[in-house]
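Enquirer: Chain residues, written in single-letter form:
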Amino acid sequence: MPLLPKILWSLVGVLGALAYGLAIGGIIRKVMARIQGRIGPPVWQPYLDLGKNLSLRTATHHGVMSFIAPIFRAGGGIGLYLLIPVVVGVPALENFSFSGDLLMAMYFMFFGSLGMALGAAEAGHPHSPIGISRGLSQMTAYELPFALAVVALVAQTGSFSIHEIVAAQQGGWLHWNLIQNPLAAVAAFLAFLGMNMYAPFNIVGAPQEIPVGPPTEFNSQFLSLLMVGRATFAVAKMVLYMDLFLGGATSLPEAFVKTFLIYFWSVFVGAVFPRFRTEQAIRFFLGWPTVAGVAGVLLVMLNR
Amino acid sequence: MQFDSIEEILDFAIGKEMEAHDMYMDIAGKVKRPGLEKTFLELAQMELGHKARLEQVKAGDLSGFAAGEVQNLKISDHLVDVKPHPNMDYQEALLFAMKAEQRAHDLYVDLARATSDPGLRELFKGLAKEELKHKLFFETEYDDVILEGN
Amino acid sequence: MTTTETLRRRVQLWFGPQHPGITGNMSVQAWLEGDTLTQGITHVGYLHRAFEKLMERRKFIQSFPIVCRICVPEPDTNEYLLAAALEELSGLDREVPEKALWIRTLVLEMSRLAAMLQVLGGHVGSMGLGVVPNWTYTLRDYVLDRFEELTGARVYHMYTVFGGVRRDLPEGFAERMETEVLAKIEAKLPVIDNAIFDSSVFRKRAIGVGVVPEEWADEMGISGPVVRAMGIPRDTRKDFPYLKYPELDFEVVTTTGSDIYARAWIRRQEIAQSVDLIRQILRRMPTEGPYCAKLPNMLTWTIPPGQTYVRAEASRGEMGYYVVTDGSDKMRRVHVRGPSYVHGVSLLERLIPGTNIADLSPLMVSLQTCPPEIER
Amino acid sequence: MKTIIDDIRARFSVEWEHEQRADLAQIGVAPGTVVPLLTWMKLHTPFVQLNHLSVVDWLEDGEFQLTYLLTDPHGHRSLMVCTRIPREEATMESVHELWPQAVTYEQEINEMFGIHFPGSPRQGVPFILEGWDDLPPMRRDFDTVAYMHAHHPSRPGREHVDPRVYVGKVFGERGYLHDDD
Amino acid sequence: MEKRKLPVLPVAAPPEGSRPHAPLGEGCFLGEEELPKAPALKEALATIKNWFRAQSLWVMAYGTGCGAIELRPLTTARFDMERFGMAMRPTPRQSNVLIVSGYLATKSLKRVIRAYEQMPSPKWIVGLGSCTINGGMYWDSYNTINRLDLYLPVDVYIAGCMPRPEALIEGFKYLMERVKKGEANGWHHYLENLDWYKANQKKLITDWNLPDYNW
Amino acid sequence: MSLKNTLAPFSAWMQAFSKPFTVPDEPGVRPGAPRYRGWHINDRETCIGCGTCAEICQNVAIDMVPVDEPTKGDSGLRPKVDYGRCCWCALCVDVCPSGSLAMSNEYVWVDHDGDAFRYTPGVDEKPWDGAELGWRKDEGFDIVDHERVPMGHLDPEERIHTWAEVVVGYTEEEARREAARCVECGLCVAACPAHMHIPDYIAAIRDGDDVRALNVIYDNNSMPEMCGKVCTRRCESVCSIGVNGDPLAIRWLKRYVTERFDDLKSVLDVDVERVGEGRKIAVIGGGPSGITVAYYLAIRGFEVTIHEALPQLGGATFFGIPKYRFPMPSLEKQIKLLEDAGVKIVTNHRVEGDELRRMLEENDAVFIGTGLMKPYRLGAEGEDLPGVVYALDLLRDKNIGREVEVGERVVVVGGGNVAIDAARVSRRLGAEVTIAYRRRIVDMPADDEEIEDAEAEGVEIIPQAIPLRVERTDDGRLDFVWGPAEMVPSDRGRPRPKLIEGVEHHMVVDRVIVAIGQSADHSWMPPDIAEKVADAKGWITVDHNGMTGHRGIFAGGDLVNDTADAISAIADGLRAVEGIQRFLGILPEREETEPEIPVITVR
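Protein chains in written order, with our numbering: chain Y, 132 to 435; chain B, 1118 to 1267; chain X, 5 to 380; chain S, 1129 to 1309; chain W, 56 to 270; chain L, 599 to 1201.
Think of the hints as simulated: they come from the structure by calculation, not from any bench.
Any given hint could turn out to be false.
Taking lysine to aspartate or glutamate and the EDC-like style, the derived pairs with C-alpha atoms no more than 16 Å apart in a straight line are [unchecked claim]: (1) S:1297 with L:960; (2) B:1191 with L:1084; (3) S:1170 with X:222; (4) L:1096 with L:1072; (5) W:257 with S:1258; (6) B:1147 with L:1084; (7) S:1297 with L:1129.
Here the structure is a predicted model, which is why all the values come from computation and not from measurement.
Bound conformation, chain Y alone (with noise of 0.2 Å):
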């Protein structure tokens, strides 16, 4: 596919995956709703909120830093989302899968909130380093147990590139990691928890105890950089799972299928839990998700 048609392309998947990415946020919100015995909002609320924010007026300056963070937050996901072939096979929808690009996906995971992290530091609310604090020590234990299941696919596979770890699923849900390689698979799927900042881990944000955290300063158009950044992040990180472990998909709706079940496992627990503090969440991760996770690779290197 010419390059240019690509970008095109891929701006149109980006814009799709931030309008999937908002509309799972208010169907969830919704399944929320229900389970806490209420109605809800409408489906579509999100992008209300999404407008609403853009037509608030920018009241704060809390210096360049602080500007450029939701810029980095939402490039993260977008960057993210641009490496990860959402729909193996249609080129359209492949975005810019390379060799290699899971190493670019796993430094885009972190860039994103690393950026946050140096934004929502110089924005000056004591909040915000405390939320920064516990989120980048709450990412890294999540990112071990990810890691390692990352390392197990790599090595079960061979390769670096998800078009090709995806390529190998094919043929049948017996052939998917998640069967394939279990081990990693838990690992990777307890650490979704984290990732996704559903409770229990959801301490990074947490309202009874320091008002949302990192954004807590961010208001108006910033904010909603922040919403396409989450948004976008989202859908990002359920792709990448789903061609990791699910085999990838074939078609949009098979991919729509598969990401919200992956989206839907971390609403599924994190309704009915309460948060873990940041130490108890760090001993969570390097608990039985590592050993998850170590034994998953070692379950490849002994099958090799």
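Got chain Y sorted already, so can you dock chains B, X, S, W and L onto it with the hints?
Expert: Coordinates of chains B, X, S, W and L only, in the frame set by chain Y:
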């Protein structure tokens, strides 16, 4: 007494009213009690009003001539008649007027009973009712003023 | 370590007054070392309305709409206590009819139930679980529905007044109470148990956190679920019996541990206890008779000089009213001694050092700090 | 209750006593007796709990009454210890060393009544009020309505006609023993 | 009760020519001074923006007074305000609506002013209960203000003590309607008459130690 | 972290599959409870504007605003509620004496204008007017005391054998308790002819300050002790707490205060300028109006002489009211005060002939308060028989101390207080008494309490009995013949009795006491003056100063007003006190201006 026509009867009635008027005028000149003279003059004036009404009837305007039932409180019925005298007070004046109207009423009732012409009888009854109305006026006044505490 | 060093390592952090984790409109000024609080000072006064001052210039009957505002979630204890104190000082207490006593007991128990439900939800709500607070607030709302039916208002009932209560029980109240409230609460409680007490996360967060040493109980005057969570069966309803509580069949709930979990557990048990007590009360409620004594003209009522202290068990602990009269138609002085005064200031400040920052909000909920009661 | 009061009488001079209820007695003592009495009570009697500390302003007498409510948490009874101190330059010994929570009470009383407790840690530190520059507000000579009028304007446009005065005026009520001013 | 005196009126009157709620199209209607000149476009854009704003009201989670107790049922399952697109936000930076839930002690007022000024425009204040209108039952307290609108611009009042959650919902619907029409311009009035508001605030808060406007 | 503890919380997901708790967002889904306390509603007609709601409102949320013309028993004010203050405690509803104020169960009111939250319920139209549900007054709960402190009475059996006072009077404790029932609305002030400061002295009694109370009472009533015993108490008939209960015992409270002091002069604090030094006033008739004029003018320095035909001052209160209602010492105390004030009293002196003319020349003004002394006649046959007496004569003779004889059986014709007095006096003289009254008992002008007392004493009352004639029986007694009456409606005033023809009842009695009313007698005046002063019914018309058609002649009392009670006479006296001073140029002439509405407080 015999009457042959309505005009005759009305003339008779008008004559009666004039008699009453003259009598009240007469008494008004005699009473000593302050204000009572004025009362009697008013009574006399009232009789003139009655006379005017009757003249209207005579001219053919029967509207409002003692229509419907007139209440009879029967206050004067068992009270003792009084003779007009210079030291009359208000109670006596009312009594006197009441009795006078009652007499007129009784007269018309008798006449109505005595006559055989239904038209005339109706007229007499009407006149009696008219007098009853006058009596009611005084009886009400008596009931309100003299019998207020009773 | 020198002071300067200490200061450099410590971050000052304000919790509140605008803070979703704070209980009500108050604030805690805290100093952090890492994730741990080293010192905390409670700041109150954001809700100070000067009730005690206002009551000094209001006639007795005019004071009574005001007292229920002292504690927002549980106004009836205040109403009852003011009425009880003034009845005792005026001698009206001998004329309060039987039925009024029963209704008062009912109202107090209902308000305890409502407050307990609210706090039980708050226990996990402060830890980020949205499900249970939604349910318990709904259940509390069912209680409020009955309050509205009984008293004519949802939140501020202004119902208990000198000599009795202001209105009779409505027709069919007991049945509606049973089907609309008690049955629904009992149906939901097991699921709530699952979501709270069986939840591994809650257990991790709550067990062994915020432990109040037992020896503080006597000297600080700790009361309510906090003291019962230490295993001490201290309950004003038993210790200083009032209204119809001596005639009701219930045991003081205690447990051990004295931590957040224990206090939540006490509250959970007391919800069940309240449900049971309300059933007992409604069963024994007299159907006939007046619900209020004959009152003198409240615009000119005077009470002979005297002073007294009356107490009752609120959901938070022992609530007390110290009332001084001087023979005029107004109170000379009324002092409201709420349990939060001890729990929310002295006890909280003693507990804060060493507490994780994330545990501050659950800790305050478990102490059931009610700022309007502290500053009045 | 009687026995404990007798015990107290044997050791301290009690000005008056009154049994309000079976579980509540009141005694009055001189200000100097309070701290020794409370110390003795806490150490040697079951009355170990300071339930509350409160102040009554007897403006007419020029005195503050301090009321310490002690409770026997196991015997379920309370004793109210009252003392009166002069209003001018009011000072009272602190009991915060006996009961740590008394600090809060003394801080509040210091703020609300202007009574000074030397040695109590948070004297003069604002507790409830902020930026207060008037009389201590709980004193009876502080007029909250006047303060309200001066500081918190109400919504204008209200007019009240007192029926008592109104009908008197409309129907021409007058007095004859005194000349109108 | 004793005789009441005339209240002392605020130090400064509102500046001449200013109006409490400037209608749409007059003066600064949304605060977007730098919008395109074409009035039709300007108005269309304003309509769209207002529509979005009305659909997504974020309420600051600050229970300033006892009215907060009825906000909890409102946010939780029984009355669920989220179905109207409203949510509680824990920080003023991300809130559009400040609910002053009843009386305000002077100590609270200071914090409320600060929080309000930190909210991004356009922002709205909902006065809840009698206390915000004319002092409510604490009218004679030395520590609570009687009229909120002397210190902060109020867009909607909801009468009651407490107003029931349904009344609150009605109030918010009313606010949404006014936002949609561009009539809820209290924030703009505040900025235009900042001096007057500040004078009132400073008259009451004697130990004013804040910057004059907390961005 | 056991498996159970990890899995158990997931049971919460069950809720996602059941119906949400949320109340649907539709109007009317959750109406206020049947006794919800919502916005106020008021019945404008039932409301009497007493302002008790405003009084009890601790938030000062209620203003009384003028809505209608004030009348006696209705101040014309109506409560206006400021919802910027209201706290919905509904004390105003519970206290409302007339029961007009209530609350609807509507609870939504939203506005952007803070000034909008005020309205006058029942006057300003609101959507919730006429709401069926909401907080209403309940019978079992009252915060004002609707029950009067009972007044001790002598036992009826006992009292028909004695002339001692029937009413025992309040003790101090009882008086304070009764006074504490007052809500100080002031409606009574409007109803009282003399506009006494009723709430003020009741408040003083409640506070235990009897001296202040007495001073307040004497401020515009010179014979309060008499009023305290026999007043017709229009005040109590409009008493706001009497609307749904017993009105305050205003009369008994006044009686309590006035009885407490024997030496009035030393207690009364008189502070008036002696503007009348050197001016002379003659008062003809020593009744309440005359005494009032004399006292209040005398303390102002006027030289006042009272001329009284009877041996004792007091007028009707002396000769008309039996001593078991108003004992002599009480009257003497009042007269003593008059003497102390320097009033010259001439008793046993009937002014006649040209004396009035002479008085007019000698004095600066003359006040006539001669009252109604001439009884109306029965007008029926047999009235002149011996044994038919007039009640006034009977009472006067008894009070002056003459020997009075009524025989064993007496019929009293009439239904006023005089009739009841005559009946009860006859009862005490040992007779069996029957009262024959033309109308129904409810129509009786006599005081309800008097009627009850009379019945308790064994007086039989036959209502709707019209006397037809009196005949002499063979054994020298009287046969009183009466006929029953039916009540017929009237287009003017109350229903009127109408004789049912043909039925006659007979009653053999020793005395027929006629007490149907009395009229004035002006034969003592020179006719030319009388002509200017009086009208045919004997009534005297006066202007706003109390002055008659003749310059310098003032009048008051039963002659002037048709209410025939002492307090109205006192009110007339007070009017004359001012009128005389105006007439003499001491006070400025009254300006005829619209009275300004006294806005008492802006809050």
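Enquirer: Confirm or reject each hint.
Expert: Quick rundown of the hints versus the structure:
1. S:1297 with L:960: Violated, at about 37 Å.
2. B:1191 with L:1084: holds (11 Å)
3. S:1170 with X:222: Holds. Residue 1170 of chain S to residue 222 of chain X sits at ~10 Å (cutoff 16 Å).
4. L:1096 with L:1072: Cα-Cα ~31 Å, so violated.
5. W:257 with S:1258: holds (14 Å)
6. B:1147 with L:1084: Measuring from Cα to Cα gives roughly 39 Å; hence the hint is violated.
7. S:1297 with L:1129: The hint is violated at about 36 Å.
Comparing the model with each numbered hint stated earlier shows that hints 1, 4, 6, 7 do not hold.
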